[in-house]
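A.B. asks: The primary structure of each chain is shown beneath.
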Amino acid sequence: MSSEHETVVERGKSNGQLADSKTPLIRNCWYVAAMAGEITRELRARTILDRKIVLYRKEDGGVVALQDRCAHRSFPLSKSTLKGDNVVCGYHGIIWAPDGRCVRIPSQSTCPSVVRVKSYPVVEKGPLIWIWMGAPEKAREKDVPEFSWFDSKATVGHFHLKCNYLLMHENLMDLSHFSYLHGSTLGAEGFAEERAVMLNTDDDTVQYYREIRDNPVLAGVLPMKLQEQLKGKKTVNRNSVCFVSPAFTTGVDKITAYDSSGAEVLTTNMHIAHFLTPETQNTTHYYWAGGRDFAQSDSKEDREYLELMSRLTEQVFAQDKEAGELIQSMSESDCDPDFVERHVAGDKMGVAMRRVILKLANQE
Amino acid sequence: MSSEHETVVERGKSNGQLADSKTPLIRNCWYVAAMAGEITRELRARTILDRKIVLYRKEDGGVVALQDRCAHRSFPLSKSTLKGDNVVCGYHGIIWAPDGRCVRIPSQSTCPSVVRVKSYPVVEKGPLIWIWMGAPEKAREKDVPEFSWFDSKATVGHFHLKCNYLLMHENLMDLSHFSYLHGSTLGAEGFAEERAVMLNTDDDTVQYYREIRDNPVLAGVLPMKLQEQLKGKKTVNRNSVCFVSPAFTTGVDKITAYDSSGAEVLTTNMHIAHFLTPETQNTTHYYWAGGRDFAQSDSKEDREYLELMSRLTEQVFAQDKEAGELIQSMSESDCDPDFVERHVAGDKMGVAMRRVILKLANQE
Amino acid sequence: MSSEHETVVERGKSNGQLADSKTPLIRNCWYVAAMAGEITRELRARTILDRKIVLYRKEDGGVVALQDRCAHRSFPLSKSTLKGDNVVCGYHGIIWAPDGRCVRIPSQSTCPSVVRVKSYPVVEKGPLIWIWMGAPEKAREKDVPEFSWFDSKATVGHFHLKCNYLLMHENLMDLSHFSYLHGSTLGAEGFAEERAVMLNTDDDTVQYYREIRDNPVLAGVLPMKLQEQLKGKKTVNRNSVCFVSPAFTTGVDKITAYDSSGAEVLTTNMHIAHFLTPETQNTTHYYWAGGRDFAQSDSKEDREYLELMSRLTEQVFAQDKEAGELIQSMSESDCDPDFVERHVAGDKMGVAMRRVILKLANQE
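Chains as they are written, first to last, in our numbering: chain A, 414 to 777; chain B, 414 to 777; chain C, 414 to 777.
Take the hints with a grain of salt, since some may be wrong.
One copy or two, it doesn't matter: identical chains are merged, so the pair holds either way.
Unchecked claim - Simulated pairs of lysine to any residue, SDA-like, Cα-Cα distance not exceeding 25 Å:
| hint | residue 1 | residue 2 |
| --- | --- | --- |
| 1 | K496 | E735 |
| 2 | K575 | T460 |
| 3 | K531 | E738 |
| 4 | K492 | S434 |
| 5 | K531 | V753 |
| 6 | K492 | H573 |
Worth flagging that the hints you see were computed from the coordinates, not collected in a lab.
So that you can see chain A by itself, here it is in the shape it has in the complex (with noise of 0.2 Å):
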């Protein structure tokens, strides 16, 4: 274990060296807006970055993402009517095009072009709709992430946070957590002792790896005949994880079982997604997407499967929503000035994670 690893870090709020709740959202970053099922020639509304914005499909299935708020007298747009492929405000039926543009204003002849509502990039690719905040210069969609994994058979869910979005980041920069906030529902005890190597990168991503000899973490999440092949095998259990951009988190863990001469028997992948896209300051719309290599048929068995996966993740999502809850409410209602926050070694990542999101936010 290196000395670098025990190191305990200070975190004082006046500590300026990593972000936290308080540090402005990062806008310049392609995030989750929907699932491309939830927009449709509904208007729904949705806040994103602390910025009302109102959703919904062109007639020829564009996405559209408007300013929720008319740019007149400020009715929201997502209570007017979709007429074609433009809204007609219902207060006093200015009519707005997808672009932000104003093209009818009931009470006079013209629309003045300086009278427009903002109209964000939005980019739908496969399962997922993105939307940029930022500067509209800076979106280039070439930089649209893609899941070569994320397909119709993925396993995908959506929670409400009540916590800032960097909680969920750092719950998953650390999964020594598994061991005793999830260890009812995947009993995954040891694994907090097992110790990640974080990786160089020269980029704004931050990676780290465990490999796990023989106890692989999470094989008592296999489909039963897949636990029945490991059993007496060797295995190593290769787990990885990289917060990408403030946007998402993904993961990959690969089981290999060896026979007893060494030959590589059984392989299995599993992906993860976490999609973090801040509402406000202090709540974050959490979408996620699981992946696998193995249970892709369409028999009743591997249906069977991949319903009682959704629940499971359900299920142990749930306690990291109710963890960054809870952690949320303690620093907002415990005012014991003498409070500081202390980091332990399993905190490198997360802690190097917070060092890029306050360099982003810097930059901006």
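Once you have looked at the hints, place chains B and C on chain A.
C.D. replies: Leaving out everything else, chains B and C in the frame of chain A:
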């Protein structure tokens, strides 16, 4: 269409030219405190212009409005007991007279004159009780308004609004919202395009007028019998609205029908008054009364018509309430620093009204 | 009646002579943290003086009070697990000892001494658990109060109050409210006029005393048998109250009956203690205990009487709770800048108490 109508005025948060929801409430003004029937020998608490008030009737029926907060230890007098014309505080038994004097302190033998609660000037006129929350020496009973048409046949109602009162005054200063906000209830299609004319006034009122030929906007709310009589006739619909004071706005809708010879065959007058009493900066007591010069008999038919009108009016004003509350909520929760409200032609009267309110606020 | 009694003192918001609901809470004082029976081997969260606390018993029964916020990532220890005498944080498994030391960090091999949570001094004495929230070096166990009459026969209860604790202390310093606030339950008519005498003390207590001849105010709450014995007798009712510390006020009500020869034929003593533990600046834990030197047998009659007393006490104190909360709410919501609270003769003790509190606050 005059070029003036087309002007788009910017209103940013720092633009100090117009009153908005942050403008201090106007105190030197008679406001409706309650409908006459609401105030009885029961103590009734009400907050008006951010002041806690207790209202009740003396044994002779006269209405009293006292500060609701005992000057001794802040116990609410509205949770106390009426004894003759006085209020006995429910905590330590201190007794307050209708003029705010202290007339008994159980633990001592005298009542120093400095110990008193505020007593507010009130005037009961017809079905309304008015209150003066400003400088007492400026309260003149002769300024209390009167409405000849407001009698026992009038349709009345009340809403509590979770929005600043100016949002409702502004609503009334631009009836172009009829076609959109009330499209489903009034079906006033095309009304938004009808140009209103603002009348010059040399006082602090704002008046405007519309003349609509052959398509009377409110014809649909007349009794069926009258609607029959309008059929095939030439009509002129004269609609005028007046912001009289921060406390209320009135309107008259007159429909005149002419036969083919040009002779007047029918005239109907509908009156409305909207009483807007700020409860706090961002909540409002909204009372309304509607009168008319038809359907005034005691016949079953007329009574049923008035009941119908009563329900319809409430339904329409519920839409105004919803709009006001949505806008208030939007203004409070949207944090986009770039947002600027834009004025359109239809806002001419609303803008004039907000100038008057700002002027009055600056005078106080 | 002394002229002093008649003085009316002004108390405006800027008058800094008396403590009010804005005065910082007094920390160097023993407060009731809980009734003994409330604290078990279950972790129990409680907020005391604006600090989040977790309370539990060790295996030997000793009571522990720790900061409820894990020093690592602010997870509530009260949502964690007890293991022997230690608390295992439910998030990452860090283990805390009863003295606040960290004894295990799963992700590292050592526990730096700087990593700790606060442990608060607690003393269990009879049915009460006391806590010291101030400077630890000033906590002396010998200062924890004791009540000889507070045994298993005492009637006890608990309320959570949505008001600053001083509003309740003030309530207790002026029992003239008996005739009004409790008129319906105690029927203590005329009590408000009985003059109380404040006793001089040279410490930070405030004591006062009333002597009432032939109309014992609380006679109505004695067992019927004793009420019978009082009939036709001369009586002296000696009522004394003492504000002992910011944490509690005690009272004794003694009724002595004499026969026509002047011989003492009956004496009853009723004790009460009001424990007021600030939860936050504007909320309070209120515990009370009532004792007496009669109805102490195990007879059905005595047990039924004590049950009756228990219910009546709760009913009476619910009225005090309501008054405190109404006043708190009034003070927070009424915005009249002209408001000034007035003191009357009955406030002499309350004013003295508020002077003591202000002095203690200034000392801290």
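A.B. asks: Take the hints in turn and mark each one as holding or not.
C.D. replies: Against the structure, the hints:
Taking the shortest alpha-carbon separations for K496 and E735, only the inter-copy value of 22 Å comes in at or below 25 Å, while the best intra-copy value is 41 Å. Proximity of K575 and T460 under a CA criterion of 25 Å is satisfied in both settings, with 13 Å inside one chain copy and 21 Å between copies. In this assembly of identical chains, K531 and E738 lie within 25 Å of each other by CA distance solely across copies; the values are 23 Å between and 32 Å within a copy. In the homo-oligomer, the alpha carbons of K492 and S434 lie at most 25 Å apart only across protomers (22 Å), although the nearest pairing inside one protomer, at 32 Å, exceeds that limit.
For the homomeric pair K531 and V753, the shortest alpha-carbon distance between copies (11 Å) is at most 25 Å, but the shortest distance inside one copy (42 Å) is not. In the homo-oligomer, the alpha carbons of K492 and H573 lie at most 25 Å apart both inside one protomer (22 Å) and across protomers (21 Å), since each shortest distance falls under that limit.
Checked against the numbered hints above, the structure breaks none of them.
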